[in-house]
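Number of protein chains: 2
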Amino acid sequence: MNAHVATPTVSAFAWVPDFAKGQVRDLRVRWALEEAGLPYRTDLLSPGQANADYRRHQPFGQVPAFQDGEVDMFESGAIVLHIAERAPALMPTDPAGRARTISWMFAALNTMEPPIQTLGELDFFHADQDWAKARRPAMVAWVEKRAAELAQRLGDNPYLDSDRFTAGDLLMTTVLRIIDRTDLIRSQPRLNAYLERCTGRPAFQKALAAQMADFMGSPPPGWG
Amino acid sequence: MNAHVATPTVSAFAWVPDFAKGQVRDLRVRWALEEAGLPYRTDLLSPGQANADYRRHQPFGQVPAFQDGEVDMFESGAIVLHIAERAPALMPTDPAGRARTISWMFAALNTMEPPIQTLGELDFFHADQDWAKARRPAMVAWVEKRAAELAQRLGDNPYLDSDRFTAGDLLMTTVLRIIDRTDLIRSQPRLNAYLERCTGRPAFQKALAAQMADFMGSPPPGWG
Numbered sequence: 488m489n490a491h492v493a494t495p496t497v498s499a500f501a502w503v504p505d506f507a508k509g510q511v512r513d514l515r516v517r518w519a520l521e522e523a524g525l526p527y528r529t530d531l532l533s534p535g536q537a538n539a540d541y542r543r544h545q546p547f548g549q550v551p552a553f554q555d556g557e558v559d560m561f562e563s564g565a566i567v568l569h570i571a572e573r574a575p576a577l578m579p580t581d582p583a584g585r586a587r588t589i590s591w592m593f594a595a596l597n598t599m600e601p602p603i604q605t606l607g608e609l610d611f612f613h614a615d616q617d618w619a620k621a622r623r624p625a626m627v628a629w630v631e632k633r634a635a636e637l638a639q640r641l642g643d644n645p646y647l648d649s650d651r652f653t654a655g656d657l658l659m660t661t662v663l664r665i666i667d668r669t670d671l672i673r674s675q676p677r678l679n680a681y682l683e684r685c686t687g688r689p690a691f692q693k694a695l696a697a698q699m700a701d702f703m704g705s706p707p708p709g710w711g
Numbered sequence: 488m489n490a491h492v493a494t495p496t497v498s499a500f501a502w503v504p505d506f507a508k509g510q511v512r513d514l515r516v517r518w519a520l521e522e523a524g525l526p527y528r529t530d531l532l533s534p535g536q537a538n539a540d541y542r543r544h545q546p547f548g549q550v551p552a553f554q555d556g557e558v559d560m561f562e563s564g565a566i567v568l569h570i571a572e573r574a575p576a577l578m579p580t581d582p583a584g585r586a587r588t589i590s591w592m593f594a595a596l597n598t599m600e601p602p603i604q605t606l607g608e609l610d611f612f613h614a615d616q617d618w619a620k621a622r623r624p625a626m627v628a629w630v631e632k633r634a635a636e637l638a639q640r641l642g643d644n645p646y647l648d649s650d651r652f653t654a655g656d657l658l659m660t661t662v663l664r665i666i667d668r669t670d671l672i673r674s675q676p677r678l679n680a681y682l683e684r685c686t687g688r689p690a691f692q693k694a695l696a697a698q699m700a701d702f703m704g705s706p707p708p709g710w711g
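So the sequences go chain by chain: V and A.
Counting the first sequence from 1 gives a position; my numbering is that position plus 487.
Counting the second sequence from 1 gives a position; my numbering is that position plus 487.
What the hints contain is simulated information worked out from the structure, not anything from laboratory work.
Check the hints yourself; a few may be wrong.
Computed list of lysine to aspartate or glutamate pairs in DMTMM-like fashion (alpha-carbon distance at most 25 Å, straight line) [claimed, not checked]:
(1) 632/V / 683/A
(2) 632/A / 610/V
(3) 632/V / 608/A
Here chain V is said to cover these stretches of chain A; the calculated rule only asks that three of the stretch's residues, wherever they fall, bring their Cβ under 8 Å from a Cβ of chain V [claimed, not checked]:
(4) 544-553
(5) 611-622
(6) 656-670
(7) 685-692
Bear in mind the structure is a predicted one, so any value in this text is a computation, not a measurement.
Even glycine gets a Cβ: it sits at the ideal position worked out from N, Cα and C.
Just chain V, same shape as in the assembly:
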């Protein structure tokens, strides 16, 4: 990545297994950039390419990392916030509205995502293991509780901050989609309508198509 270009650069994977396509976290950043109307370049990593050089930008070897002029940062939530601070389409500029947006951003990633991601991994990777079968009912109950609380707060509003889409909705949508193969979210009519509303946005569709189009690399040895 080159810090001297004007166009922001997002790192992404050139290949992932099928279950991860449309789920990799650079989708959040692409979506935010599309909502903000900002062009970007991608820095595509081959599987296993998170080498020492890349880790100078992303200490955990994950995607996305992001460069925007002198800014060199990582973590999808942090990058979406960086973009939202420059895009009123993603965050109100008054202090109270800004604080609400940031509250929902952290709620998506720190309250909703942990149980949802755990349940998703349990179903994707461990469904046939005894420990996972024993653990699953409690994880489902936890996710259902959080989903009900979210639906209750959403009420009849189109978005979490009433009638205005924000970066909080953007992150929340990507979190709820992690378990889209279950009916835990879709069975809540308000959350189902909310997901349809958010994923129906042209910026989301464009970001999703761009991530899918970038998966042109070869799988690493040992993968189909």
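Following the hints, position chain A against chain V.
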């Protein structure tokens, strides 16, 4: 809570079980306020007091919620960021330094905390269950991998952003402390020294003492 007072208000619990004392997430906000040199009031909730009125401020019934003038927000990470934006003691003001701090804040809560919190819950609540015994080795390996990556990045620097303490260190410290009863963090000399350095700060000690002093309520029916 009253939005018209000048002093920020943090919600906290008046009672929690012993294992949770010193771990409840309002500690993060108290610590940030102490580092920033800002006074605050607490709004202490009795166990089970997360009623409909409180949920208008905190949709999931958790602590902390926070009010600061017209700002009414929730999620410990969001609140710490709100404070850090007003306190150069917690975040550099130049765009590149600000982006680094925010990256580490999200890394603490979205990359490090999920496996650490899962391992902590497994040991605190489920240690004697067969599924937990079967699951634990993989969780330990995950935490050890993240801890090694963090230690590698920290190197010989005192803090994540080189020689400057930021809100990223504040959140990372509270996350690493979740599994302080294991030796997974303390067995890494750099991380052990880092934790000693961060928790040795007068602002942390003051915040911890304040949380402990507020646990004066009665346990709910059914608790010892």
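Here is how each hint holds up against the structure:
Distance restraint check for residue 632/V and residue 683/A: the Cα-Cα separation of roughly 37 Å exceeds the 25 Å cut-off, and the hinted pair is therefore not satisfied. Among the hinted pairs, residue 632/A with residue 610/V is consistent with the structure: their alpha-carbon atoms are about 23 Å apart, no more than 25 Å. Under the criterion of a C-alpha separation no larger than 25 Å, the hint pairing residue 632/V with residue 608/A is consistent with the structure, at around 18 Å. As drawn, the region 544-553 of chain A meets chain V at 4 residues by the rule of a beta-carbon pair under 8 Å; at three or more, the given contact holds.
By the rule of at least three residues with a Cβ nearer than 8 Å to a Cβ of chain V, the coverage given for the region 611-622 of chain A holds, with 6 such residues. Coverage of the region 656-670 of chain A by chain V is violated. Counting CB-CB distances below 8 Å, 0 residues qualify, and the rule asks for three or more. Residues of the region 685-692 of chain A with a Cβ under 8 Å from some Cβ of chain V number 0, which does not satisfy the need for three, so the listed coverage is violated.
Hints 1, 6 and 7 from the earlier list are contradicted by this structure; the remaining hints agree with it.
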